[in-house]
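**Q** Next come the chains, spelled out residue by residue.
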Amino acid sequence: MSSTEQGTSSAAPAEPTTAPESAAAPEVPESFYYVHGKDKVVHKVSAGALQHSALIHGMISNLGYTEEQAKANPFPFENIDGDILQMVVDWCNQHKGKPTPPEDTNLPKQKEKLFDLVLAVNYLEIKELLTYCCKQVAMMVKGKSPEEIREIWMIPTDAEDEAAEKEAKKRAGKEAAGETAAAAGDAK
Amino acid sequence: MSSLSEMPELVLENIIRLSDFRSVLTLRQVCRDFLNFIDDLNDSKLPDSKIEEISINTDGPENICLVYENLDPDLFFRHEFIYSVRKNSRSTYLKTTHLENTNIVDVAVRDLELILKFQKCNLERLCLSFFTFRLPNNSSVHTLAIKLCDMFKELNRTIKTKNLTIQMDDQSKFMLIIPFIDSDTLEDIYLRSIVKKVNINRIVKTEQWKKADKVQCDFFALNMNVEDIFHFSQFTITTFSISAKELDFLRKAITSSSNFYSSRLGNEFIFNESKELSNLWGPAIVSGNSYSPKRTWYFGMKNSKEKVLELISKNFCSRFEIIKLEDVPNGAIVNEYNEN
Numbered sequence: 001m002s003s004t005e006q007g008t009s010s011a012a013p014a015e016p017t018t019a020p021e022s023a024a025a026p027e028v029p030e031s032f033y034y035v036h037g038k039d040k041v042v043h044k045v046s047a048g049a050l051q052h053s054a055l056i057h058g059m060i061s062n063l064g065y066t067e068e069q070a071k072a073n074p075f076p077f078e079n080i081d082g083d084i085l086q087m088v089v090d091w092c093n094q095h096k097g098k099p100t101p102p103e104d105t106n107l108p109k110q111k112e113k114l115f116d117l118v119l120a121v122n123y124l125e126i127k128e129l130l131t132y133c134c135k136q137v138a139m140m141v142k143g144k145s146p147e148e149i150r151e152i153w154m155i156p157t158d159a160e161d162e163a164a165e166k167e168a169k170k171r172a173g174k175e176a177a178g179e180t181a182a183a184a185g186d187a188k
Numbered sequence: 001m002s003s004l005s006e007m008p009e010l011v012l013e014n015i016i017r018l019s020d021f022r023s024v025l026t027l028r029q030v031c032r033d034f035l036n037f038i039d040d041l042n043d044s045k046l047p048d049s050k051i052e053e054i055s056i057n058t059d060g061p062e063n064i065c066l067v068y069e070n071l072d073p074d075l076f077f078r079h080e081f082i083y084s085v086r087k088n089s090r091s092t093y094l095k096t097t098h099l100e101n102t103n104i105v106d107v108a109v110r111d112l113e114l115i116l117k118f119q120k121c122n123l124e125r126l127c128l129s130f131f132t133f134r135l136p137n138n139s140s141v142h143t144l145a146i147k148l149c150d151m152f153k154e155l156n157r158t159i160k161t162k163n164l165t166i167q168m169d170d171q172s173k174f175m176l177i178i179p180f181i182d183s184d185t186l187e188d189i190y191l192r193s194i195v196k197k198v199n200i201n202r203i204v205k206t207e208q209w210k211k212a213d214k215v216q217c218d219f220f221a222l223n224m225n226v227e228d229i230f231h232f233s234q235f236t237i238t239t240f241s242i243s244a245k246e247l248d249f250l251r252k253a254i255t256s257s258s259n260f261y262s263s264r265l266g267n268e269f270i271f272n273e274s275k276e277l278s279n280l281w282g283p284a285i286v287s288g289n290s291y292s293p294k295r296t297w298y299f300g301m302k303n304s305k306e307k308v309l310e311l312i313s314k315n316f317c318s319r320f321e322i323i324k325l326e327d328v329p330n331g332a333i334v335n336e337y338n339e340n
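If you're matching them up, the sequences are chains U and W in order.
Note that the UniProt record's numbering has the first sequence beginning at 1, numbered continuously upward.
Note that the UniProt record's numbering has the second sequence beginning at 1, numbered continuously upward.
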């Protein structure tokens, strides 16, 4: 597949002069789709780049949208933050039609971003990127003690977990009691 | 922000698969959810531990010592755990954990079981050493071998190791371990016992014994025939007595073998069939003194013109060694290969 299109912003402006041979080469013009995240910022992405996402690929493969229809119906991913979706779109564009390298060093180093990216990538079913992200998490866990892991990755201890569960149950119990009381009140 | 504990199962599975095995052991300790998740995972989804050698032995006053290591300079690691029955604790270099009322032998066996879950490549060596004769009669360490056997049974798969070393003070314990070793991987068996005489009639019938390449036994092997050892490329074993006929059987087997290296067959009772050997093989080169004579014969090999079997018969042992034809002393006769 021709890769003259580099996604939304980095596409080279085409010169409308005498058509060079290479411009005539792509027989099927590349189709584009539109996605947006929580921030509603719409990203234009080529079908080639979107192939990385099994979820989106499955959604678009039988749609047969025209350019206008695609533009009018961007895929909403309300569960993904705008900056995270931007990262995903950038990665898909960079790796469009290319074999993915064994390592990817451009992943976010901050754990908050990395975790949100992992969740987004898992949801969008981008297998290679998920592997890179998980490798990165594995690297961040390496050499740490259980206490350090608990602290860094905000994991409650079993005791805290149990206390929270008890509290939740208590609350649920109270609410239920409230409801029954209310129901009893209604009955009166 | 999302927490690691909120990751979907597929993501956690991926993280575990891509972690090193020490990290997975640490993740198990982070919280009960992780522990259950990791323990419920199919072994194939766990990373390879890359351990080369595991040893478990009874050590000092009611201690069990578990060591696993890889001495490859690129991967080097060595971890040692001491389980103390008296202190009811497990210690590493860095810390000691008191285990209150838990049975310490169970803890050691469970730890080994956990480590074995991560074993994907073959171990170079598995060394099990149970010298419990100095322990008090009621010590729980006496149950170690039986508990290991029960754990191996539960594993539902054999342990892949090239070398198996077992040191026991009770002959019955060898068979608690040997059947659980993968016979296709096992090359080398080393058995030691402080009991002088060990009945090996059940051991020699195992697939593990029959398929191994080398064997060494540091005791008098009871109920052993030369037919039980002729397939080894190297053996060091001592039996009670050996006859000229049996030595001739070994001579035939070794000269027709293509991978024999060297061996030693000891005998407790003095060998007194030298005349029969000379009748079978012709005159020997005799050296040493009359009290302890050394008789040497040379035999051509079936598959090599350059190699020769040197067979030395002494009062209490016979040695078999493959040497180069040019190393045969001048004047010595090399008997031609003869399969009869």
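Keep in mind that the hints were calculated from the coordinates and are not lab data.
Watch out, some of these pointers could steer you wrong.
[Unchecked claim] Selected chain U positions facing chain W (Cβ under 7 angstroms, derived; list incomplete):
1) L107
2) K109
3) V137
[Claimed, not checked] Just a few of them, taken from the derived set where beta-carbon distance is under 7 angstroms, the chain U residues facing chain W:
4) F75
5) P76
6) F77
7) M140
8) I149
[What the hints assert, rightly or not] Here are some chain U residues the structure puts well away from chain W; computed CB gaps all over 10 angstroms:
9) V42
10) K44
11) T131
12) K144
13) S145
14) P146
Computed from a predicted model, the values in this text were never measured in an experiment.
No residue lacks a Cβ here, since even glycine has one placed at the ideal position from N, Cα and C.
**Q** Evaluate each hint against the coordinates.
**A** Against the structure, the hints:
Checking L107/U against chain W: minimum C-beta separation of about 13 angstroms lies over 7 angstroms; hint violated. Interface restraint check for K109/U: the shortest CB-CB distance to chain W comes to about 14 angstroms, outside 7 angstroms, so the restraint is violated. Using the Cβ-Cβ criterion of 7 angstroms, the hint placing V137/U at the interface with chain W is satisfied: the shortest such distance is roughly 5 angstroms. The closest approach between the C-beta of F75/U and any C-beta of chain W is roughly 21 angstroms, which is over the 7 angstroms cut-off, so the hint fails.
Taken as an interface hint, P76/U does not check out: its beta carbon lies about 20 angstroms from the nearest beta carbon of chain W, beyond 7 angstroms. Residue-level restraint check for F77/U is violated (minimum Cβ-Cβ distance to chain W is 16 angstroms; threshold 7 angstroms). The beta carbon of M140/U comes no nearer than 10 angstroms to any beta carbon in chain W, farther than 7 angstroms, and the hint placing it at the interface is violated. Satisfaction of the interface hint for I149/U is found here, the shortest Cβ-Cβ separation to chain W being roughly 5 angstroms, below the 7 angstroms cut-off.
No Cβ of chain W approaches the Cβ of V42/U within 10 angstroms, the least distance being about 25 angstroms, so the stated non-interface status holds. For K44/U, the non-interface assignment is confirmed: its Cβ lies about 28 angstroms from the closest Cβ of chain W, beyond the 10 angstroms cut-off. Not every Cβ of chain W is farther than 10 angstroms from the Cβ of T131/U; the closest lies at roughly 7 angstroms, contradicting the non-interface assignment. Once the 10 angstroms rule is applied to beta carbons, K144/U is inconsistent with being away from chain W; the minimum gap is 7 angstroms.
With a least CB separation of 7 angstroms from chain W, S145/U falls inside the 10 angstroms interface cut-off, contrary to its annotation. The beta carbon of P146/U is not kept farther than 10 angstroms from every beta carbon of chain W, the shortest such distance being approximately 4 angstroms.
In this structure, the earlier hints numbered 1, 2, 4, 5, 6, 7, 11, 12, 13 and 14 are contradicted, and the remaining ones agree with it.
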